[in-house]
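> Read off the chains here:
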Amino acid sequence: MASERTGVIHDIGYRTYTGPREGRWAIVAALLRHGALSTFGFGRSGRAKVLPFGLLVVTLVPAIVFVGILSFIGMDAELLNYAGYQQVTSGFVSLFVAAQAPVLFTRDLRSGAISLYLARPLGAATFALVRWGSLVLAILAFVVTPLLVMFFGGLGAGASFPEEAPKLLVALGGAVLLAVLLATIGATAASLTMRRGLAIGGTIVVLIFGLGATAILQEIGREQNQEAAAAWLSLFSPFVLVDAVQHGLGDATSSFETPPDDPATAALLLLSALALAALALLMLVRRYRRRGSR
Amino acid sequence: MNPTISRLALRGLVGQRRGLVLLALPLVLILLALAVRLLTGEPISARGVLVEVGLAVVVPLVALLAANGVLGPEIDDGSVVYLLSTPVSRYAVAASKWATAAGVSVVLSSGGLAAAALVGGVSGRWVLGSAVAGAIAAILYTALFAAMSSATRHGMIAGLVYVLLIERGLGTLLSGLRYLSVQAFTQRIAEQVADIDMPVDMGLVYAVVAVVVVLVGGVAMAGWRLERFQLRGDE
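Those protein sequences? They're chains A and B, same order as listed. Under this note's numbering, residue 294 is the last one in the first sequence; the count climbs by one each step, no gaps. Under this note's numbering, residue 1235 is the last one in the second sequence; the count climbs by one each step, no gaps.
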């Protein structure tokens, strides 16, 4: 073999990145934004936008009808029941959560691409929580839009601001709680089943069946004069729980049979629900850890 | 009909603990009936628990999960092409898969409803009647949902929209929708077969014809869609 070396290293102009490097928070913010937007179908095909926006439009219909009645017939502003709105449209909200949670939680877990994401600086726990956060934001946008339409429409139709604002604030607090609980249920179902169909089915079963069964059992509880015990049944359904908390802590009109009457019970209910949600999130993080380490 | 395809579909449906999701619904119905009976100390109202919850929610959801479980995942991840490249008629594929879904949901629906009726302590006529109604509904719903899940990737959502919005939501406002409601056909036939009271105002002939149309049409539609199956990317 000839000892004379004839090879040359050509400089073909590769350059390293010299621009600003964003930190951990920029990654989190970008992931959060991307997740929340893709839940509504932004950045995906047109067909992916049909379902979320279709559901949003249907959810807005009662709000528009209320505002219309208020401005044309001019009934009293009692019609604008912000706190009870999510209970009216619970079917659509459940469909939205069930259909859109798998967008964020099944595909990368199932295909194994998740281990590539988790090898990046963010890590499993943050990734899972950020995904959950973007689902919370998307659901929040979904449930708050009709409330705002009703509020500003009502103001335009002559409702008084000082009377409506506190009611809206209570309902907004309820909407945040509802978004947190629904996102937790959706994320748990989607990440456990890892199949879109099963995830949708599981979420719907928990949300719609839970709502129906809770309503039946609470009605029986009231008939048997066990209101205090029946109030605790609201832990089975996020919609009933939010209603109970809004009634107990915010003095909103309840849509169900046995809302808790004293603020202490409502506060305890709120704390227990948040504890359950935290437990579910812990499981979610563990799930991501395990799938990511494969 | 192809027994191998049916057997594989059954394994995909109930294997690896996936059957637990399906089993959960009838179990919860039975527990609900039991809870209602223990709390009130009287027999449950057949109308409230068995029809409004059982027949109207549990049975369609079980059928939806089963029908989507045999077709949906394969179409979703594209592995259905290996099945379709076999020299088996697509109609036979659809019929075999539907048979599995229908069999599983008949067992779960009619068993679940009958057991709920038993622990609820209603009359023997209702136990029989709810078993019959559960079986009829399961067969019809799986045929309908098999067609839906072969027609679109969002078969699950389409089925839910049909059950929750059209049958339950709008159906209570616009009574004319009963002529499009599988629920109404089932109740009319079950009323006739098992001699129980169902409040459906519909000609028996129409109900029978509609049942046949849904059953044959649904399975045929699924086969027809599989025959024209196109490979597509994920969105």
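No lab work stands behind these hints: they were computed from the structure. All residues carry an ideal CB built from backbone N, CA and C; glycine is no exception. Mixed in with the good hints, there may be bad ones.
[Claimed, not checked] From the structure, some residues in chain A lie toward chain B, with a derived Cβ separation under 7 Å:
(1) Gly91
(2) Leu155
(3) Gly156
(4) Ala157
(5) Arg195
(6) Leu198
(7) Gly210
> For each hint, tell me whether it holds in the structure or not.
Status of the hints after comparison with the structure:
1. Gly91: holds (5 Å)
2. Leu155: violated (30 Å)
3. Gly156: With a minimum Cβ separation of about 28 Å from chain B (threshold 7 Å), the hint on Gly156 (chain A) is violated.
4. Ala157: violated (25 Å)
5. Arg195: Constraint on Arg195 (chain A) satisfied, holds at 6 Å.
6. Leu198: Holds, because the Cβ-Cβ distance from Leu198 (chain A) to chain B comes to roughly 6 Å (cut-off 7 Å).
7. Gly210: Given a least distance of 9 Å, the restraint on Gly210 (chain A) is violated.
In this structure, the earlier hints numbered 2, 3, 4, 7 are contradicted, and the remaining ones agree with it.
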